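Build the full structure now, drawing on both the sequences and the hints.
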Amino acid sequence: MKKRPYVKGLAVIFVLAGLSAPAISGSEDVNVENAWSRASIGASRPGAAYMIVRNMGEDAVTLTGLTTPLAMMPEIHETKTNADGVSSMTPAGEITIEAGESLALEPGGLHVMLMNLQNPMTEGETFPLTLTFSDGDEVTVDVPILDIAARGPEG
Amino acid sequence: MQRRHLLRYGAAGAGALGLMLGVGWWRVDGPGTSKPAGQRPLALSAMDFRLTDHEGNEVGPDTLIGRPTMVFFGFTYCPDVCPTTLSDISGWLDDLGDAAAQMNVAFITVDPERDTVEAMAEYVGYFHPAIRGWTGPEDQIARAAEGFRALYERAPTKGGGYTMNHTASVFLFDAEGEHVTMIDYHEPREFAVPKIRRALPENVEGAT
Chain A
39 MKKRPYVKGL AVIFVLAGLS APAISGSEDV NVENAWSRAS IGASRPGAAY MIVRNMGEDA
99 VTLTGLTTPL AMMPEIHETK TNADGVSSMT PAGEITIEAG ESLALEPGGL HVMLMNLQNP
159 MTEGETFPLT LTFSDGDEVT VDVPILDIAA RGPEG
Chain B
8 MQRRHLLRYG AAGAGALGLM LGVGWWRVDG PGTSKPAGQR PLALSAMDFR LTDHEGNEVG
68 PDTLIGRPTM VFFGFTYCPD VCPTTLSDIS GWLDDLGDAA AQMNVAFITV DPERDTVEAM
128 AEYVGYFHPA IRGWTGPEDQ IARAAEGFRA LYERAPTKGG GYTMNHTASV FLFDAEGEHV
188 TMIDYHEPRE FAVPKIRRAL PENVEGAT
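Chains A and B, in that order, are what the protein sequence lines are. According to our numbering, the first sequence is numbered sequentially starting from 39. According to our numbering, the second sequence is numbered sequentially starting from 8.
Worth flagging that the hints you see were computed from the coordinates, not collected in a lab. Hints should not be assumed to be uniformly reliable.
Some but not every residue of chain B turned toward chain A, in silico, with C-beta under 7 Å [said to hold, decoys possible]:
(1) 87
(2) 88
(3) 94
(4) 97
(5) 133
(6) 134
(7) 158
(8) 166
(9) 172
(10) 193
For clarity, every value in this text was computed on a predicted model and none was experimentally measured. Note that beta-carbon positions come from the ideal geometry of N, C-alpha and C, so glycine has one too.
Quick look at the structure:
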């Protein structure tokens, strides 16, 4: 009985380790965590991807662009809901992340919009997404594709 | 420090009050008077539109009367808000358990050009089975939106395509078809589910 809390603690550590998707290459100052996306129906509809971009460095970084073989036009978009409850999306442009701060790309806010998909997004697969920063640094992350009805990085 | 904070809150409060009064004037007497979004949705019995559900059945507001109802406007080419809301609704329905079977849930497209009956069928199939997808001619979609006081507009995108801006709240009606309340976009489950329970008949509420 006494061992339980310890085991639970370990489980939490494993879960956290599984959730964070460390950058597979690129800048050491920027860490991308909890990347996820939803499966698509075919390739004619745009997709979306979400993640936390953490600036671990001592200087501000500016995210200037995205590239992925999955989509011809990947862009950061922002969903805004006005006082009448009407939601709209607009390109967010360049985004500066201050030292020690993080950028949350999440449902209903800033997110990666994947336009002109080259192939359908299939549940269980992953796709590489490269984030480019103003100083020329690049970070590439593997984004898992979850269920079309997924609500977060855990599915 | 304390006093400065108080002053700041005071100023912010006065500003907010002024803004509220301003918005109030704008809505009641000002140029916002005729704006449908400021009004409550009609009762379902006062609405008039004919659409087709994702199984090809002819449906309308009368289809929804008799059971509590959730209605959401969206479109299947919507990458962020719509799958998020449909997932949220699916989660609420899971929480409601058996009571979910006593509800109507209609997802009405604001993009009938791309959202055919077949497209709606494929799309809603990925979410909770209680969710029905409704589409139809543009003029009937417009009449439906008018009844619900929902807003939508087409917005061109860079690639030459278009997206839709639309009311993202969920409309909640009781079994008699009277509007109960709205569930705002991305409202947390602990607020949304009790709101839905309020729209359920007593016996169903007691059973869960």
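Notebook entry, point to check: Which of the listed hints are not met by the structure?
Noted result: Failing hints: none at all.
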